[in-house]
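A.B. asks: Following the hints, put chains V and H in place on chain B, whose structure we already have.
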Amino acid sequence: MAEGVKPRVKVPKTATAGEAITIKTLISHQMESGQRKDSDGNAIPRSIINRFVVDFNGENVLDVTLEPAISTNPYFEFEATVPESGEFHFTWYDDDGSVYETTEPITVG
Amino acid sequence: MSFTRRQSLALGLGTAAAVALPFRPALAAVEDDIAAFTGGAEVGSGGVTLTAPEIAENGNTVPIEVSAPGAASILVLAAGNPNPGVATFNFGPLAASQTASTRIRLAGTQDVVAIAKMADGSFASDRKEVKVTIGGCGG
Amino acid sequence: MNRMSAPGLSAATAIAVVTGLAAPAFGGPDDDELIINGDTTIITEAPAPDHMEYISTIYSGWRFRTDETQALEEDDFDNPAMLAVDAALEAFDTVEGDAGESCASCHGDVESFAGLTAHMPKVGEDGNLVVMEDLINECRTDRMQTEAWKWSGDDMQSMVALIGLQSRGMTMDVAIDGPAAPFWQQGKDMYYTRYGQLELSCANCHEDNWGNMIRADHLSQGQINGFPTYRLKQAKLISKHNRFRGCIRDTRAETFAEGSDEFRALELYVASRGNGLSVETPAVRQ
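Protein sequence lines correspond, in order, to chains B, V and H. For the first sequence, our numbering gives the first residue as 2, with consecutive numbering after it. For the second sequence, our numbering gives the first residue as 85, with consecutive numbering after it. For the third sequence, our numbering gives the first residue as 45, with consecutive numbering after it.
Isolated chain B, as found in the complex:
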């Protein structure tokens, strides 16, 4: 597992049923592109997060395929519909097989 990978997500605490809410996510990751060389001239192998998935109560919101052209510390902003109270589930998949997950609850009042 890449070292020190930490996700940050921003989800409103509450919403009304069916409301469109804005979600922002950020995760610390070098996103080594495979294009760079080290000081000895050897290619540094690619090591990136290649997929990012957001679900709410088991239903999909967004599923992103990432290529090496995504910047260091991948950032996404998007909108989700919240039909009822529940939990957002965020998952990042690393080239090295690691999976980083976090969840965020939201209350529909």
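Keep in mind that the hints were calculated from the coordinates and are not lab data. Be aware that a few hints might be false.
[Claimed, not checked] Residues from chain H that face chain V, not an exhaustive set, calculated with beta carbons under 10 angstroms:
| # | residue |
| --- | --- |
| 1 | ALA115 |
| 2 | ASP119 |
| 3 | ARG259 |
| 4 | LEU276 |
| 5 | LYS277 |
| 6 | ARG329 |
[Unchecked claim] Residues of chain H placed beyond 10 angstroms of chain V at every Cβ, according to the derived structure:
| # | residue |
| --- | --- |
| 7 | ASP83 |
| 8 | ARG109 |
| 9 | LEU160 |
| 10 | GLU182 |
| 11 | ASN286 |
[Claimed, not checked] Only pairs whose alpha carbons sit at most 25 angstroms apart, straight line, appear in this in silico DSS-like list of lysine-lysine:
| # | chain 1 | residue 1 | chain 2 | residue 2 |
| --- | --- | --- | --- | --- |
| 12 | H | LYS277 | H | LYS194 |
| 13 | B | LYS38 | B | LYS25 |
| 14 | H | LYS277 | V | LYS212 |
| 15 | B | LYS25 | B | LYS11 |
| 16 | H | LYS166 | H | LYS194 |
| 17 | H | LYS277 | B | LYS38 |
| 18 | B | LYS7 | H | LYS277 |
| 19 | H | LYS277 | V | LYS215 |
| 20 | H | LYS194 | B | LYS25 |
| 21 | B | LYS38 | B | LYS11 |
| 22 | B | LYS38 | H | LYS194 |
| 23 | H | LYS166 | B | LYS7 |
Even for Gly, the Cβ is constructed at its ideal location relative to N, Cα and C.
C.D. replies: Same frame as chain B, but now just chains V and H:
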């Protein structure tokens, strides 16, 4: 091994040309990526909007937004990068809009392309040129 | 724009003239206001402190950046430096070393550092000029009995940023008189010394030519109130001394070392040129 000044200059020019090359023939790769996404279907215009800065202060972190109301997915390509692929956004049933923002790497001044696959199976594209400033102390 | 220029046509002036000011939209600083998270107002423009002879108004480097770069600093969630600050907050509470102490063991809440960065660098009780990195490493080696951090390493600069964040929005006010005076004079002398094969001083770019383009770069006044700053180029927090080193290297000179007495003195002098601006770390720059 030693070089005369003239030889060194020639070497330097050759290196510069070799370095410049990868930014040119990426077009074929872009066409391939588009074909893989569309299955060879015709790509129209309108229906998808790509927002990107006209000038990026650093190519390492360029903010972009794609938006295509009703789209199932949006493919983003950077036509002048060594590999054109950037990202594919697939929108699920709970996406409130088919809009997403991210930050991307651009190897130099080039076109960024967004291609949306609409719900009816048709395709639409938009492209924006982003000038990437290189040089100076901050570049 | 209200400014005076230093005497003499410098090499930097010549470069700026030759390469031309390609983008007409550029010029001086823009008129944007920086309010972070909608509630923290940052002073990005202030009357120059009395000791500055050739500049009448000082500006944060933020005012010289494009709207897209500026936006990254306007909301802490959008600011990628906050990932490093989060990591530092965790380190702050982590016990390390033979003494079995964490930062929090002595200092409690990190908020207790509010105000400190606004007065750094300063002269310590032993008569030496100390910067934040010195204070942190002194705690680590003496009190925690663990290894010192590398000057520009991620651990160190994340902690410098975390402590600086506690003073964000407060006005920079470093002392330049009394015991600080000789260090300040040393830093000032360095600021006006031409270094390297290009024979450029700090002043040639950041005093004579701020607002102009140096090739594709919109020159700021070289303020350090936003450091450590997240530079898009390196995609991580960059220390003040690393930036000094980069500037001097670009003049094609042998540079001073990070953590050298020379750079401590230069840090004090450059910080004093920002007296009146807000502490802005962790800023975001190109």
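A.B. asks: Each hint needs a verdict: does it hold in this structure or not?
C.D. replies: Consistency of the hints with the structure:
| no. | hint | verdict |
| --- | --- | --- |
| 1 | ALA115 | holds (7 angstroms) |
| 2 | ASP119 | violated (13 angstroms) |
| 3 | ARG259 | holds (4 angstroms) |
| 4 | LEU276 | holds (4 angstroms) |
| 5 | LYS277 | holds (5 angstroms) |
| 6 | ARG329 | holds (7 angstroms) |
| 7 | ASP83 | holds (23 angstroms) |
| 8 | ARG109 | violated (6 angstroms) |
| 9 | LEU160 | holds (29 angstroms) |
| 10 | GLU182 | holds (32 angstroms) |
| 11 | ASN286 | holds (13 angstroms) |
| 12 | H/LYS277 with H/LYS194 | holds (21 angstroms) |
| 13 | B/LYS38 with B/LYS25 | violated (32 angstroms) |
| 14 | H/LYS277 with V/LYS212 | holds (22 angstroms) |
| 15 | B/LYS25 with B/LYS11 | holds (5 angstroms) |
| 16 | H/LYS166 with H/LYS194 | holds (21 angstroms) |
| 17 | H/LYS277 with B/LYS38 | holds (16 angstroms) |
| 18 | B/LYS7 with H/LYS277 | holds (21 angstroms) |
| 19 | H/LYS277 with V/LYS215 | holds (16 angstroms) |
| 20 | H/LYS194 with B/LYS25 | violated (33 angstroms) |
| 21 | B/LYS38 with B/LYS11 | violated (35 angstroms) |
| 22 | B/LYS38 with H/LYS194 | holds (24 angstroms) |
| 23 | H/LYS166 with B/LYS7 | violated (35 angstroms) |
Hints 2, 8, 13, 20, 21 and 23 from the list above are not met by this structure, while the remaining hints are.
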